[in-house]
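Chain by chain, the residues:
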Amino acid sequence: DGGITQSPKYLFRKEGQNVTLSCEQNLNHDAMYWYRQDPGQGLRLIYYSQIVNDFQKGDIAEGYSVSREKKESFPLTVTSAQKNPTAFYLCASTQQGRQGTQYFGPGTRLTVL
Amino acid sequence: GIQVEQSPPDLILQEGANSTLRCNFSDSVNNLQWFHQNPWGQLINLFYIPSGTKQNGRLSATTVATERYSLLYISSSQTTDSGVYFCALWYNNNDMRFGAGTRLTVKP
Chain A
119 DGGITQSPKY
129 LFRKEGQNVT
139 LSCEQNLNHD
149 AMYWYRQDPG
159 QGLRLIYYSQ
169 IVNDFQKGDI
179 AEGYSVSREK
189 KESFPLTVTS
199 AQKNPTAFYL
209 CASTQQGRQG
219 TQYFGPGTRL
229 TVL
Chain B
-11 GIQVEQSPPD
-1 LILQEGANST
9 LRCNFSDSVN
19 NLQWFHQNPW
29 GQLINLFYIP
39 SGTKQNGRLS
49 ATTVATERYS
59 LLYISSSQTT
69 DSGVYFCALW
79 YNNNDMRFGA
89 GTRLTVKP
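These protein sequences, in sequence, are chains A and B.
Mapping the first sequence onto my numbering, position 7 (from 1) lands on 125, and the numbers just tick up by one.
Mapping the second sequence onto my numbering, position 7 (from 1) lands on -5, and the numbers just tick up by one.
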């Protein structure tokens, strides 16, 4: 079945460490997105990528980095510069950018110890 | 930037009841989606509805773009309908803006 996978499901990090969250899709979608969700809140855009080897900052990109070397993959690195990284992270993709239906992965819950 | 407001923020229903969730937005939009986030965090597409009315089983949605609102109707609610309902709109070409959500609890 086609879909979006994220790993790991739960991630614990010590302060000062970088961690990378995985996002893979087999939907053949061009555009991929990373969102952050804090408890009781909506989603906020971190980064997005419309095509391979290109990505753009969203509203809250500070302290995060991404890469898009393959169409299927869009990993997110949470760096030590992110002051409050504990949150639920969701990856999404669309076939046609802003005109398309957006599909989401199951999410990664990151906790900083 | 565009503002997306959802109401009510919280809703508690008895199983079998009907409900209407509202999404107001501050600017014209080309597209709008409704999502359901289940208790495990998974976001599920319900509708892609930039205008008009769509129905899928017990759920239906209507968007009146000229008046800048969308409604999600849930009929004969079930406990599995519980969760958070979000509306989201594309803004500034590549940015999808989410409302704060309506948290629905359906009691047996």
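Bear in mind the hints are in silico, worked out from the structure with no lab data behind them.
Quick caveat, the model's predicted, so the values are computed rather than measured.
It cannot be assumed that every hint is accurate.
Listed next, the in silico SDA-like pairs over lysine to any residue satisfying Cα-Cα at most 25 angstroms (straight line) [said to hold, decoys possible]:
{"#": "1", "chain 1": "A", "residue 1": "Lys127", "chain 2": "B", "residue 2": "Lys42"}
{"#": "2", "chain 1": "A", "residue 1": "Lys189", "chain 2": "A", "residue 2": "Gly134"}
{"#": "3", "chain 1": "A", "residue 1": "Lys189", "chain 2": "A", "residue 2": "Glu142"}
{"#": "4", "chain 1": "A", "residue 1": "Lys175", "chain 2": "B", "residue 2": "Lys42"}
{"#": "5", "chain 1": "A", "residue 1": "Lys175", "chain 2": "A", "residue 2": "Gly134"}
{"#": "6", "chain 1": "A", "residue 1": "Lys175", "chain 2": "B", "residue 2": "Ser63"}
{"#": "7", "chain 1": "A", "residue 1": "Lys189", "chain 2": "B", "residue 2": "Gln(-9)"}
{"#": "8", "chain 1": "B", "residue 1": "Lys42", "chain 2": "A", "residue 2": "Ser140"}
{"#": "9", "chain 1": "A", "residue 1": "Lys132", "chain 2": "A", "residue 2": "His147"}
{"#": "10", "chain 1": "B", "residue 1": "Lys42", "chain 2": "B", "residue 2": "Arg10"}
{"#": "11", "chain 1": "A", "residue 1": "Lys175", "chain 2": "B", "residue 2": "Arg10"}
{"#": "12", "chain 1": "B", "residue 1": "Lys42", "chain 2": "A", "residue 2": "Glu142"}
Quick look at which bits of chain A chain B covers, simulated, 3 or more residues with Cβ under 8 angstroms [what the hints assert, rightly or not]:
{"#": "13", "stretch": "159 to 165"}
{"#": "14", "stretch": "219 to 225"}
Virtual Cβ for every residue (Gly too), placed ideally from N, Cα, C.
* Hints broken by the structure, by number, lowest first? -> 1, 2, 4, 6, 7, 8, 9, 11, 12
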